[in-house]
Amino acid sequence: MALALLLTLAGFPLRSPAPADEIPRLTFAQLADSMRANLDVTRGIRAFNGREVEIQGFIIPAGPPDLSFFLLSRVSGTGNYCCELPSGQDETVYVYTARGTSLRYDPVRVYRIRGRFEAGHQVDPSYGVSFFRVRDARVEEAVGARIFKVGETKGP
Amino acid sequence: MTPVAVVWRYLQGRAVSSALTVVAVALGVSLVIASVLLTRGIREGFIAGATDYNLIIGAKGSPTQLVLNVVFRMDAPTPNIPLGAYEDLRRDPRVEAAVPVAMGDAYQGFRYVATTDAYFAPFPWRRHAPELSAGRLFRSEDPGKPDYEAVLGADAARRTGLRPADRFFEGEEMAAYPLTVVGVLRPTGTADDRAIFISLPSYWEMNEISRHAAVRPLTAVLVRPKRLSDLTALHRGWNVSPEFQAALPTAVLLNVFNWLGVVEDVLLAVLAVVTVVVALYLFVTMYNATLERRREIATMRALGAHRATVLGIVLLESGAVAALGGLAGILGGHAIAAVGSSLLAARGGPVTHALAFGLLQPVTLGAVVSLGLLAGLLPAMLAYRTEVAEHLAPF
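Line by line, the protein sequences are chains L and S. Okay, so the first sequence: first residue is 1 according to this note's numbering, each after it adds one. Okay, so the second sequence: first residue is 1 according to this note's numbering, each after it adds one.
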């Protein structure tokens with residue numbers, strides 16, 4: 001209850017209240033909105049610090065090839081650059097994966113990351129400055145947007 | 001006579017057949033062990049040899065070729081890029097470190113890599129910056145005054161026998177440009193061990209084309225951004241140019257691993273078939289042996305041996321053959337992997353020491369013995385059901 005009040009006071013867009021055992025899902029829009037002009041983050045997003053969260057995005061392999069570390073971004077890093085501008089610090093999550101993580105990397109596939117969330121400025125000796133981090137992350141392929149067959153929807 | 005003694009007699013009695021079965025099991029197991037160790041060694045070799053730089057800028061073309069050539073010194077170099085690209089990157093405020101690299105020919109198979117002293121800089125984010133074990137780094141940074149100094153990787157120094165102060169060249173046309181060894185690097189477990197590093201001014205003077213060219217050529221620039229989140233913007237910025245490409249080395253390696261994964265899957269299917277064939281061979285051998293011994297088994301039973309003892313004897317024999325074959329196969333597999341990895345390493349392939357002991361060995365032995373017991377189960381049941389009266393009757 002206190003958390004909900006805190007989030008509301010911080011102007012954080014609260015979606016339908018999740019049951020206690022359900023992992024909250026954070027979106028890149030929420031992360032970008034939480035960045036302040038002074039490069040701090042809102043109290044609303046800090047409320048998730050230390051909690052298990054889920055975030056979906058593209059993997060940018062910026063760490064070693066054992067994928068113990070990578071960036072999760074709103075935009076694919078190796079797409080054909082047709083559609084979207086590259087994302088910045090506010091739309092990048094620094095992901096430290098749990099031991100023994102193995103996955104088949106696909107640059108244009110969306111992955112679902114679940115792990116311990118951290119928000120706030122931090123400098124890592126190996127990976128530099130970050131604002132959003134997920135530690136002990138488990139990674140799996142996310143199901144993409146729903147594809148509709150013509151005729152299934154009512155249409156405009 | 002104890003069951004163990006009976007099994008020993010049985011094995012001795014069919015020495016050739018038993019030995020051949022052990023060899024068959026050993027060959028199957030060694031194939032499995034060698035395949036697992038070698039594929040794991042290659043994967044770990046690529047991981048150990050990976051660069052700490054996050055982005056490689058080179059000429060337009062295949063990112064796989066660019067990364068394999070610049071980081072692992074495999075494949076042919078991509079076309080040249082002008083030195084201006086490096087200067088642009090050095091001035092870019094988003095870039096923490098930019099290191100120019102030009103790939104040259106080779107001396108006795110060890111590639112010349114022209115670069116600056118920044119290549120050896122021990123940044124805190126580097127896992128294995130090359131360190132000197134003897135001598136010093138090359139000096140020359142003035143484009144007009146090359147001093148033809150060379151720093152050798154550990155393997156290159158060991159295999160060529162070159163030491164600091166030695167002068168060398170390969171091919172008559174290079175006689176006018178002998179290099180002087182000024183330093184030797186410590187082993188790093190990367191492709192740097194097999195490189196001969198020279199300065200860019202030396203490279204430009206030794207290179208017949210660049211000697212007269214107005215534009216100084218490079219093969220690639222290794223880039224580390226100040227903020228990793230700028231990686232996508234840098235990557236895109238360089239990739240949209242018609243001249244250059246930017247490659248994420250880890251992404252290229254992960255694609256290589258995806259291909260390696262397909263090969264591993266095919267290998268797994270082949271190994272599964274091999275396992276079934278070996279298990280069937282063991283089963284047929286044990287079944288025939290038990291059929292031949294039905295009279296002996298009936299005698300043992302008539303002398304008071306329990307059915308369970310007879311069952312145990314056959315299972316013990318099958319398990320013993322599997323265990324012997326398994327042990328020999330594990331040793332043989334390690335020998336094959338050792339030879340394979342040293343052959344691969346001698347050709348410059350990225351492979352780590354393949355002889356690591358872990359769960360693989362006990363799990364394999366356990367699985368082989370279990371499979372041996374399983375193969376012996378039906379023959380053992382046959383022995384268990386042997387009727388004394390039927391098989392002791394005169395012929």
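Careful: at least some of the hints might be erroneous.
Stated by the list, open to error - List of simulated lysine to any residue pairs, SDA-like, C-alpha gap at most 20 Å: (1) S/K226 <-> L/D40; (2) S/K226 <-> L/S126; (3) S/K60 <-> S/L38; (4) S/K226 <-> L/G88; (5) S/K226 <-> L/V123; (6) S/K226 <-> L/F69.
Hints in this document: simulated from the structure, not taken from any laboratory.
Against the structure, the hints come out as follows:
no.: 1; hint: S/K226 <-> L/D40; verdict: 19 Å, holds
no.: 2; hint: S/K226 <-> L/S126; verdict: 11 Å, holds
no.: 3; hint: S/K60 <-> S/L38; verdict: 33 Å, violated
no.: 4; hint: S/K226 <-> L/G88; verdict: 13 Å, holds
no.: 5; hint: S/K226 <-> L/V123; verdict: 11 Å, holds
no.: 6; hint: S/K226 <-> L/F69; verdict: 17 Å, holds
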